[in-house]
Amino acid sequence: MLQKKEAAAMKGMVPSQPSMKYPDEDDEHEVKEGNGGLPVEGGFAIEDISEKFQSQCISLYKRDLSKRGEELTFEKNGGWRQEQKGRTARLEKQLRLRWELEEIIEEQVNRFHAHYNLDMVPTRLKDISQLLMPNWTPPDELASIGWFGDWRPSSILELVRCLSASCFPISASTDHLLLQLIHEIRIEEAILDEEMAEIQSTCILYLPFAPINIQSGGSALACVHSEFKKIERVITKAQQLRFKALELVLKKILNEIDAAEFLVAFEGIQDAIHQFAANQRFQKGPVAMPVKALGSA
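For the sequence shown, this note's numbering assigns the number 358 to the last residue and increments by one with no breaks.
Calculated from the structure, these hints are not laboratory results. Honestly, I wouldn't trust all of these hints.
Keeping only pairs whose Cα atoms sit at most 27 Å apart, straight-line, the calculated DSS-like set for lysine-lysine is [what the hints assert, rightly or not]:
#, residue 1, residue 2
1, Lys290, Lys187
2, Lys313, Lys154
3, Lys298, Lys187
4, Lys298, Lys312
5, Lys312, Lys154
6, Lys291, Lys187
7, Lys313, Lys298
8, Lys305, Lys291
9, Lys305, Lys290
Keep in mind that this is a model prediction, so the values were computed, not measured.
Given only the sequences and the hints, what does the whole structure look like? Please build it.
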């Protein structure tokens with residue numbers, strides 16, 4: 062009995078022990094409440110490790126993008142430079158061709174100047190007949206385009222208007238300028254025609270070709286020489302007017318390319334007219350017409 066009492070007394074003196082908890086369970090409970098249920102490892106949450114891993118991946122991706130951007134920029138820049146070099150080379154070639162074309166046209170203008178103002182100017186009395194009625198030009202050609210032995214200046218300008226419809230279109234302002242120049246040059250042509258008509262009448266009426274007008278040799282030759290000088294001045298003015306019309310076309314009205322096309326067409330038309338007139342000269346005999354055409358008429 063005594064022992065039971067002592068045991069009971071000792072039981073009342075010892076405080077009751079709480080239930081033992083494992084540290085892992087407490088920590089897990091605290092992590093669940095504070096870190097969204099993720100376990101703790103070495104004092105750092107797995108979420109922190111994941112965030113650092115993601116930030117490292119993003120930084121590496123950005124670095125790769127910047128590197129690829131540099132490569133793409135270099136490739137595009139290099140390709141663009143090569144393309145620009147090719148375009149510049151083509152432009153330079155076109156400029157060289159344009160400069161060569163300008164030189165060719167200038168050379169043609171100089172040749173026309175020498176032809177009309179030096180080569181085709183009469184220096185002797187017998188040169189006048191060759192210039193007014195040249196042996197190398199068939200009659201049909203003289204009748205179609207002849208004016209003091211060559212093209213009428215206004216016809217050259219009219220040819221530009223005709224060719225502009227098919228070869229090189231011109232603007233309305235250029236066409237208006239052409240019409241104005243044609244009008245002005247026709248006035249100059251009419252003045253030269255009047256001067257030549259006056260010289261011709263003087264030669265018919267007053268030169269000592271008839272017996273009633275027979276004079277001494279010296280005075281008759283002086284009269285002829287005086288009229289010759291007048292004809293020479295008229296022909297010289299006509300040649301200068303022809304060159305003026307061509308120079309206006311080649312240097313003022315048309316650009317280099319159109320001027321080159323005009324020169325080619327102008328030469329082709331002259332050659333076609335000459336060949337047609339030459340064939341007409343050599344044709345002999347009566348004119349033949351098809352019987353079928355006569356029956357239909």
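Cross-check of the supplied hints:
Among the hinted pairs, Lys290 with Lys187 is consistent with the structure: their alpha-carbon atoms are about 12 Å apart, no more than 27 Å. Using a Cα cut-off of 27 Å, the hinted pair Lys313 and Lys154 holds, with the two alpha carbons roughly 25 Å apart. Pair hint Lys298 plus Lys187 holds up; C-alpha atoms about 19 Å apart against a cutoff of 27 Å. Only pairs whose Cα atoms come within 27 Å are accepted, and Lys298 paired with Lys312 is accepted, the gap being roughly 21 Å.
Under the criterion of a C-alpha separation no larger than 27 Å, the hint pairing Lys312 with Lys154 is consistent with the structure, at around 23 Å. For a cut-off of 27 Å, the pair hint linking Lys291 to Lys187 stands: about 14 Å separates their Cα positions. Of the pairs offered as hints, the one joining Lys313 and Lys298 holds, with about 21 Å between alpha carbons and a cut-off of 27 Å not exceeded. Pair hint Lys305 plus Lys291 holds up; C-alpha atoms about 21 Å apart against a cutoff of 27 Å.
A hinted pair counts as satisfied when its Cα atoms are at most 27 Å apart, and Lys305 with Lys290 qualifies at roughly 22 Å.
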